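Protein sequences, first through last, are from chains A and B.
Read the first sequence against the numbering used here and you will find it ends at 370, with the numbers running on by one and no gaps.
Read the second sequence against the numbering used here and you will find it ends at 133, with the numbers running on by one and no gaps.
Just so you know, these hints were derived from the structure itself, not from any lab.
You may find that some hints are simply not true.
To be verified - Below, computed lysine-lysine pairings styled on DSS-like, alpha-carbon distance capped at 27 Å:
id	chain 1	residue 1	chain 2	residue 2
1	A	LYS215	A	LYS234
2	A	LYS215	A	LYS332
3	A	LYS234	A	LYS332
4	B	LYS91	B	LYS72
5	A	LYS332	B	LYS14
6	B	LYS91	A	LYS215
7	A	LYS215	B	LYS72
Given the structure is predicted, the values throughout are model-derived calculations rather than measurements.
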Amino acid sequence: MSASNQTRVVAQLGVLTAVALVLGYLEHLIPLTAIPGIKLGLANTVLLYALYLMDARKAALLMLLKVGLSGLLFGGLSAMLYSFAGGVLSLFCMIVIRRIPGVSVVGVSICGAVLHNVGQMLVACAVVGPRPVLAYLPILLVAAAVTGTLTGIVAKYVFCGLGAAGALYGGAVRLPATEKPDGGEGQARMENGK
Amino acid sequence: MSKRDIWILCGVLLVALVLAAILYCNRPAPAYVAIYVHDVEYTRVPVDAYQTIRIDQGGGKVNVVTIDGAGVRMESSTCKNQLCVQQGTIDPARMEELILDNWIVCLPNGVTVELAAGDNGK
Chain A
177 MSASNQTRVV AQLGVLTAVA LVLGYLEHLI PLTAIPGIKL GLANTVLLYA
227 LYLMDARKAA LLMLLKVGLS GLLFGGLSAM LYSFAGGVLS LFCMIVIRRI
277 PGVSVVGVSI CGAVLHNVGQ MLVACAVVGP RPVLAYLPIL LVAAAVTGTL
327 TGIVAKYVFC GLGAAGALYG GAVRLPATEK PDGGEGQARM ENGK
Chain B
12 MSKRDIWILC GVLLVALVLA AILYCNRPAP AYVAIYVHDV EYTRVPVDAY
62 QTIRIDQGGG KVNVVTIDGA GVRMESSTCK NQLCVQQGTI DPARMEELIL
112 DNWIVCLPNG VTVELAAGDN GK
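Using the sequences and the hints, build the whole thing.
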């Protein structure tokens, strides 16, 4: 990797980490539902961005940075443990599901949201035992289906928007084949923008 | 959304539905309130024995559970997120209207409250 490429990656990861942290914080201010403890998971759009437009290793690094920093800034050690378990399981699942043909970023996002909840519930099991956690599982599954779909759609439109704005990035942003907004035209536009 | 995305979505919802059916249907009326600290039973009292129970684990971890005519609720907790307090009251007479099942959970303090059927307390 050349020095300028490395600089670009460091800068990109820095910006993405900041965006993920801010989104994670802002979510706390939105009272989403009547059910306590359910969040939209907007920060996952940033992780999806890294996974689709960078690579799995950088996405993993971003996830670790986000978990560590948001734990230090807002949550504390136990919150860090919950989001670490959720983050690892969710990212692993998203990397695997992404390889299945025909599954778009929305499907990957749903799986990520479900596994994020499952990871956190495993930690919760260690704290209070399995019975209360199991009682909460159906609600968390439905919540993950809804929030995963919403954040997946957000990510899809972000990808489309970035494709349209490709010229700004000097062609650095390449849309994955399945996410082209209009059958490959976005890619063509980016090439033209160079 | 692609076809497979919709399959995934339906799959998740189906699993949730089946689990909900198993867990929430045909729930007998609760007879007692059991309080656990880190999965170890702390106390168990009949659901109609109105009282306030203070669970002090030391180190500033205190939860207060109230049982009265309105039902069972986490009156206060020293935890940071207060989700257990926000969960509100579980009325044992109207269990079937609940969506959150028969548990009040305070994860940070490791305190759980269960409304359960069966052996009527001590």
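Under the criterion that the straight-line Cα-Cα distance not exceed 27 Å, is the pair A/LYS332, B/LYS14 satisfied? Since the Cα atoms of A/LYS332 and B/LYS14 sit roughly 16 Å apart, the hinted pair holds (cutoff 27 Å).
Quickly compare the C-alpha distance for A/LYS215 and B/LYS72 to 27 Å and report which way the hint goes. 26 Å, holds
With a cut-off of 27 Å on the C-alpha distance, tell me whether A/LYS215 and A/LYS234 pass. 24 Å, holds
Holds or violated: A/LYS234 and A/LYS332, Cα atoms, limit 27 Å. 19 Å, holds
Run the distance test for A/LYS215 versus A/LYS332: straight-line Cα separation, threshold 27 Å. With a Cα-Cα distance of about 19 Å, the restraint between A/LYS215 and A/LYS332 holds, given a limit of 27 Å.
Verify the proposed pairing of B/LYS91 with A/LYS215, using a straight-line Cα cut of 27 Å. Measuring from Cα to Cα gives roughly 16 Å; hence the hint holds.
Compare the distance between the alpha carbons of B/LYS91 and B/LYS72 with 27 Å, and conclude whether the hinted pair is satisfied. Satisfied, since the Cα-Cα distance of roughly 11 Å is no more than 27 Å.
Violation of the numbered hints given earlier is absent; every hint is satisfied by the structure.
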